[in-house]
Amino acid sequence: MAATSVFQRVRTGSKIGAQYDQEGNLIKVETREDEEQSVKLAEILELLLAAGYFRARIKGLSPFDKVVGGMTWCITTLCRTNKKIVSVLPRMKCPHRLEPHQIQGLDFIHIFPVVQWLVKKAIETREEMGDYVRSYSISQFQKTHAFPEDEEFELRKERVISTVVNVCEVYAPQRRYKRQVDAGELLDEESRVHSTLLEFVNFLLTNQFCVIFFLQLRIKALMTGMAAMATEEGKLSASTVGQIVGLQSEEIKQIATEYAEKAERSVEDRPERFGPAQQHRRQLASLNKQITQKTKELEDVIHSHTHTTYCSFENADITVITEKLEKELSSLEDMESQTDSGLLEKLRALVAMNENLKHQEQTFRSHCREEMTRLQQNIEELKLEYGEGDEKKEMNILIDQQYTADREKLQKIRLLMARRNREIAILQRKIDEVPSRAELTQYQKRFIELYSQVSATHKETKQFFTLYNTLDDKKVYLEKEVSDYVCGFRAMASSGSKEQFLRQMEQIVEGIKQSRMKMEKKRQENKMRRDQLNDEYLELLDKQRLYFKTVKDFKEECRKNEMLLSKLRAKGAS
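Following UniProt numbering, the residues of the sequence shown are numbered contiguously, the last one being 574.
Calculated from the structure, these hints are not laboratory results.
Heads up, a few of these hints could be off.
Stated by the list, open to error - Calculated cross-link-like contacts (lysine-lysine; reagent style DSS-like; alpha-carbon spacing at most 30 Å): (1) 522 with 480; (2) 120 with 143; (3) 358 with 346; (4) 462 with 412; (5) 412 with 430; (6) 555 with 543; (7) 518 with 543; (8) 66 with 40.
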């Protein structure tokens, strides 16, 4: 039983369970609610919706459930495992760190970069999986389905192969002759080849070889995509075939020429069968090119026509204005010629006189203003000379003294304000150094977690020490027992030694009994101490419950008192 209790390991990294107060209610974690937190929460939900986590739209869920559920969904999308968020983020090489109290305290400012990174990784993983699934589906489609062109090619391929097989069967080589043994052995390799070909009928063998060779070339052309061969590539020279066979070069040349003609005809016929779409595309491209060219020419013509029209309109306007001015000048000249010259000269003289009088009036007005200013200055000077000068000087002196005093006072006020600003800044820094209630709550939670980890580690270490001491005592007792057994066997040799051994055994048993009694006494003392502490703990719990109940009753009485006071104030006001 002792060994079982010793080896019970405590998980130091486990989270702290839910905390409850004395009345059994769940203690809620204080969260910081401001505008920045709300903005970050909205951005987090938008990211999760964009990634495909549509549970974020449910209005009945709390922000904690939405954020934690979205992060878990992103992590399971990436690694498909059910692990803790905080422990799995470093394994995923997340550049941002997150603590459990930040998630529980809804610290959206620190949660937002983690969610942003998770959504990015989830989208990348989804794209990779999409590419893989797309390529896999294409390969599966190609295995079970085919396009009409591929089916037609397969049908032609099968027909061509069957034709080649039939030709090979029809023109299979047949041995007609056999060289006699008495004819002697041929030493030259070329002579042996000629002799063997003569045994299988030379003419038929040559034709068959050429036909099979041409059909093989035809199959190779079909297998490379039904591409049209050039004339030079399609022809087979007579010398090449002659080197292969070695006989009847004229017949080989004729067959090669016929094959080249057939290849040319097949090249000419193939565009009629396979080229309408390509010809249509080429025609469409040429027509589009012509349309673009004609459109550009039309724009140039319109531009030139517009410019010409604008220039013609400008020239027409200038001509019309010039004609009007010329007409007015001619009418004025006619009127001048019709009037009396003496009267005209008189009018001109009167107009000149009027202009001269206007100029003289303006000059006189300016001269009068200057004279008025000069006279006012003289009056002021005379006033200062006759009695007002001393008072003015004294007033100026008093003003200067007052200005100097006010300036010094302003300088002192500025120095005092700077000193007060420094003191305010120092106090502000001291106030900022004092943590807020939310920060203190977070610090307290963190300290509680650290204390729990330290206590668990201390308990585990204590268990290890206890186990070590127990095993060490057991080892000592076993060594003593073994030594006693050895000494006993040795002591059994004589009666004196046997009696001495029995006395030693009795002493050992007596010592063990005394040790047992001491341990039993110590156990009883510890048990009594435990019972006493348990009683004290129960008394303290009763006091705590009484305290909470008293506080609750006091709050209720305060609330009733406030209500009564408000009613009394209302009655007194009425």
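Hints, verified against the model:
Simply put, residue 522 and residue 480 have alpha-carbon atoms about 25 Å apart, close enough for the 30 Å limit, and the pair holds. With a C-alpha separation of about 35 Å, the suggested pair residue 120 and residue 143 falls outside the 30 Å cut-off, and the hint is violated. At roughly 19 Å between alpha-carbon atoms, residue 358 and residue 346 fall within 30 Å of each other, so this suggested pair holds. Between residue 462 and residue 412, the direct Cα distance comes to roughly 69 Å. Violation of the 30 Å bound is thereby established for this hinted pair.
With a CA separation close to 27 Å, the supplied pair residue 412 and residue 430 stays within the 30 Å bound. Pair hint residue 555 plus residue 543 holds up; C-alpha atoms about 18 Å apart against a cutoff of 30 Å. As the CA atoms of residue 518 and residue 543 are separated by approximately 37 Å, the hinted pair breaks the 30 Å bound. Restraint check for residue 66 and residue 40: the C-alpha separation of about 13 Å stays at or below 30 Å, so the hint holds.
Checked against the numbered hints listed earlier, the structure breaks hints 2, 4 and 7; every other hint is satisfied.
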